[in-house]
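A.B. asks: Protein sequences, first through last, are from chains W and S. Note that this note's numbering gives residue 11 to position 5 of the first sequence, counting from 1, and the numbers run on in steps of one. Note that this note's numbering gives residue 109 to position 103 of the second sequence, counting from 1, and the numbers run on in steps of one.
Calculated from the structure, these hints are not laboratory results. Just so you know, not all the hints are guaranteed correct.
[Unchecked claim] Heads up, simulated DSSO-like pairs for lysine-lysine below, C-alpha to C-alpha not over 27 Å straight-line:
hint	chain 1	residue 1	chain 2	residue 2
1	W	Lys257	S	Lys8
2	W	Lys8	S	Lys257
3	W	Lys8	S	Lys208
4	W	Lys208	S	Lys257
5	W	Lys257	W	Lys8
[What the hints assert, rightly or not] With beta-carbon atoms standing in for the labels, derived distance ranges:
hint	chain 1	residue 1	chain 2	residue 2	range
6	W	Leu331	S	Asp216	54 to 64 Å
7	S	Ala321	W	Glu130	43 to 53 Å
8	S	Gly102	W	Gly338	31 to 41 Å
9	S	Glu231	W	Gly214	29 to 39 Å
10	W	Phe211	S	Glu189	41 to 51 Å
11	S	Asp216	W	Gly338	42 to 52 Å
12	W	Tyr37	S	Lys257	24 to 34 Å
13	W	Leu293	S	Ala45	19 to 29 Å
14	S	Pro228	W	Ser205	49 to 59 Å
15	S	Lys257	W	Glu231	40 to 50 Å
16	W	Phe211	S	Glu217	48 to 58 Å
17	S	Arg128	W	Glu231	29 to 39 Å
18	S	Ser182	W	Asp216	16 to 26 Å
[Stated by the list, open to error] With the C-beta cut set under 7 Å, the calculated list includes, among others, these residues of chain W facing chain S:
hint	residue
19	Pro14
20	Gly102
21	Gly105
22	Arg236
23	Pro272
24	Glu275
25	Tyr277
26	Leu278
27	Leu306
Every residue, glycine too, gets a C-beta built ideally from N, C-alpha and C.
There are 2 protein chains.
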Amino acid sequence: MKKAINRPEDVVVEALRGMEAAHPDRLRVSYEPKFITRADAPVRGKVALVSGGGSGHEPLHGGFVGPGMLDAACPGEVFTSPTPDQVEAATRAVDGGQGALHIIKNYTGDVLNFETAADLCRAEGLEVEAVLVNDDVAVEDSLFTAGRRGVGTTVLLEKIAGAAAERGQDLATVASLARRVNEEGRSFGMAFTSCTVPSAGKPTFDLGPDEIELGIGIHGEPGRERTTNRPARELVEQMAETVLGDLPFAKGDRVIAMLNGMGGTPLLELYLLYGEFARLAADRGLLVERNLVGDYITSLEMQGFSLTLLRVDDAMVELWDDPVLTPGLRWGG
Amino acid sequence: MKKAINRPEDVVVEALRGMEAAHPDRLRVSYEPKFITRADAPVRGKVALVSGGGSGHEPLHGGFVGPGMLDAACPGEVFTSPTPDQVEAATRAVDGGQGALHIIKNYTGDVLNFETAADLCRAEGLEVEAVLVNDDVAVEDSLFTAGRRGVGTTVLLEKIAGAAAERGQDLATVASLARRVNEEGRSFGMAFTSCTVPSAGKPTFDLGPDEIELGIGIHGEPGRERTTNRPARELVEQMAETVLGDLPFAKGDRVIAMLNGMGGTPLLELYLLYGEFARLAADRGLLVERNLVGDYITSLEMQGFSLTLLRVDDAMVELWDDPVLTPGLRWGG
Numbered sequence: 007m008k009k010a011i012n013r014p015e016d017v018v019v020e021a022l023r024g025m026e027a028a029h030p031d032r033l034r035v036s037y038e039p040k041f042i043t044r045a046d047a048p049v050r051g052k053v054a055l056v057s058g059g060g061s062g063h064e065p066l067h068g069g070f071v072g073p074g075m076l077d078a079a080c081p082g083e084v085f086t087s088p089t090p091d092q093v094e095a096a097t098r099a100v101d102g103g104q105g106a107l108h109i110i111k112n113y114t115g116d117v118l119n120f121e122t123a124a125d126l127c128r129a130e131g132l133e134v135e136a137v138l139v140n141d142d143v144a145v146e147d148s149l150f151t152a153g154r155r156g157v158g159t160t161v162l163l164e165k166i167a168g169a170a171a172e173r174g175q176d177l178a179t180v181a182s183l184a185r186r187v188n189e190e191g192r193s194f195g196m197a198f199t200s201c202t203v204p205s206a207g208k209p210t211f212d213l214g215p216d217e218i219e220l221g222i223g224i225h226g227e228p229g230r231e232r233t234t235n236r237p238a239r240e241l242v243e244q245m246a247e248t249v250l251g252d253l254p255f256a257k258g259d260r261v262i263a264m265l266n267g268m269g270g271t272p273l274l275e276l277y278l279l280y281g282e283f284a285r286l287a288a289d290r291g292l293l294v295e296r297n298l299v300g301d302y303i304t305s306l307e308m309q310g311f312s313l314t315l316l317r318v319d320d321a322m323v324e325l326w327d328d329p330v331l332t333p334g335l336r337w338g339g
Numbered sequence: 007m008k009k010a011i012n013r014p015e016d017v018v019v020e021a022l023r024g025m026e027a028a029h030p031d032r033l034r035v036s037y038e039p040k041f042i043t044r045a046d047a048p049v050r051g052k053v054a055l056v057s058g059g060g061s062g063h064e065p066l067h068g069g070f071v072g073p074g075m076l077d078a079a080c081p082g083e084v085f086t087s088p089t090p091d092q093v094e095a096a097t098r099a100v101d102g103g104q105g106a107l108h109i110i111k112n113y114t115g116d117v118l119n120f121e122t123a124a125d126l127c128r129a130e131g132l133e134v135e136a137v138l139v140n141d142d143v144a145v146e147d148s149l150f151t152a153g154r155r156g157v158g159t160t161v162l163l164e165k166i167a168g169a170a171a172e173r174g175q176d177l178a179t180v181a182s183l184a185r186r187v188n189e190e191g192r193s194f195g196m197a198f199t200s201c202t203v204p205s206a207g208k209p210t211f212d213l214g215p216d217e218i219e220l221g222i223g224i225h226g227e228p229g230r231e232r233t234t235n236r237p238a239r240e241l242v243e244q245m246a247e248t249v250l251g252d253l254p255f256a257k258g259d260r261v262i263a264m265l266n267g268m269g270g271t272p273l274l275e276l277y278l279l280y281g282e283f284a285r286l287a288a289d290r291g292l293l294v295e296r297n298l299v300g301d302y303i304t305s306l307e308m309q310g311f312s313l314t315l316l317r318v319d320d321a322m323v324e325l326w327d328d329p330v331l332t333p334g335l336r337w338g339g
């Protein structure tokens, strides 16, 4: 294992020190328990958005903390759920008196620990709603999941719900919007190579020199099919058709599209893939209103990519365009 | 070779199609010859900034085209200099009547082709100045270079000179500032793994399971030393000391620091590395005024990172903070 780390057990806390040093004007970091908040938290009169999950998916979630997106993020160890005490402490730290929305990717550990945290918060008199993201069309149930896994739609949901909260919308409205974003979002990922969890010290799985895994999970969980590599055009077609057929998306639908890198794929290739998707979208009569191309929800150094499509209406596009000021996503400010 | 591409010979043009599709409001793409311009080019009364180089280093340079940074970028084939006709056509396309500054990384092919392009432009009556970036302290001369290679300082230079041009400063002033940025910038890079050029189909070099290359070039050119991997803290110390000793930087110096990923290194590790650098900088009495952590000048899927330090004064920091609106760097707008 060749990684830019010191001791595997210190990776998360040392990365947090780097985030704190890199963004002193934007972020505050708590180390015991571990969570990141926007520097101006708590924002009085605003619904607080709190997310979290295993580390190793950066910029998700810590990189999306800031005005217009998350109030707090709770990083677990690499690919490991954050604990209830992290989530509870983070929620208390950013509570602005209007309640909190927990944004949870659908993995069993995350769901249980966020539920326990919400119970603790409610026992202290905090109002907490939760939204579960389960947008991965690749597999039903999985290594760490009952039902579908939560992946790329999380990024889009954190942006759109974050904008609604920043506008001063109340908890019920923000939670309802967030659930609608999840319902309208679908994703599918693939891998050329495995990732290596620092504490494991060896690749999570093995792929032959011409093998790829379609439907890969963001922790390297098995997907739908292990097959041979193919031209980018065919890869995108196969993945996009799977995503489009699932909602299903229809001609004339307006979408936000994310062509996401898994961490080890060059931006040159991500743009090439987006070009293939854009052509297919035009052929199918989809209206791509906005897009993201880059690394937004990653799996350490995994080579691969995922496609996320979110069906949107005017209101969602307007919220998308609202200012956002985070390390990982920034515009309008 | 497992890459998300179609035919190796189509990678660059297909990636350009994706860039055009992803940023229709921001960028314009010419395909014959190949160059990218900001959508509002030419900007009348503004000095035009034109850069370019081999593809495979994205977001450099195409991702830095936009208000506050470059007017045009000329992508060569992967790791191959752009041709004089690309640079000449791009310069003409963005000429706003105040002359153009060519920003050239110091590689022999780039230098020759930009010189030829400048001659062609001048023959047409365009005023052209050039700045050469040669900030890599790792080696004197190299596989593709006489003198030092041009690497990370290019990113900082394009931002700072771009701001000066956007403010309406004249060609001589912008060129002089750009040269000063190059003089004040130093970089050093390392690799854990090789990259693979699509047309070559195999890794550019081989490293053993515990081997690293210190002083690596952005095309995989040999560095100073092939050695065994070590803890991140020691890596950063060794690389930072080399950079600091070269200018040399002194206690009390104000710097902009860039901790840059080579393309395949997880953001989690880049933040960890930046944390190590920030501690060292504090120990040495350096004042880190601003920083960038992420993938800004890459080598395809290479795992590794580089450190760039730029000694700055008030004027440079102010220009750094000016708005910039490009796919790869964006704030204040």
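A.B. asks: In ascending order, which of the hints set out earlier in this document are inconsistent with the structure?
C.D. replies: 1, 2, 4, 5, 6, 8, 14, 15, 16, 17, 18, 19, 20, 21, 22
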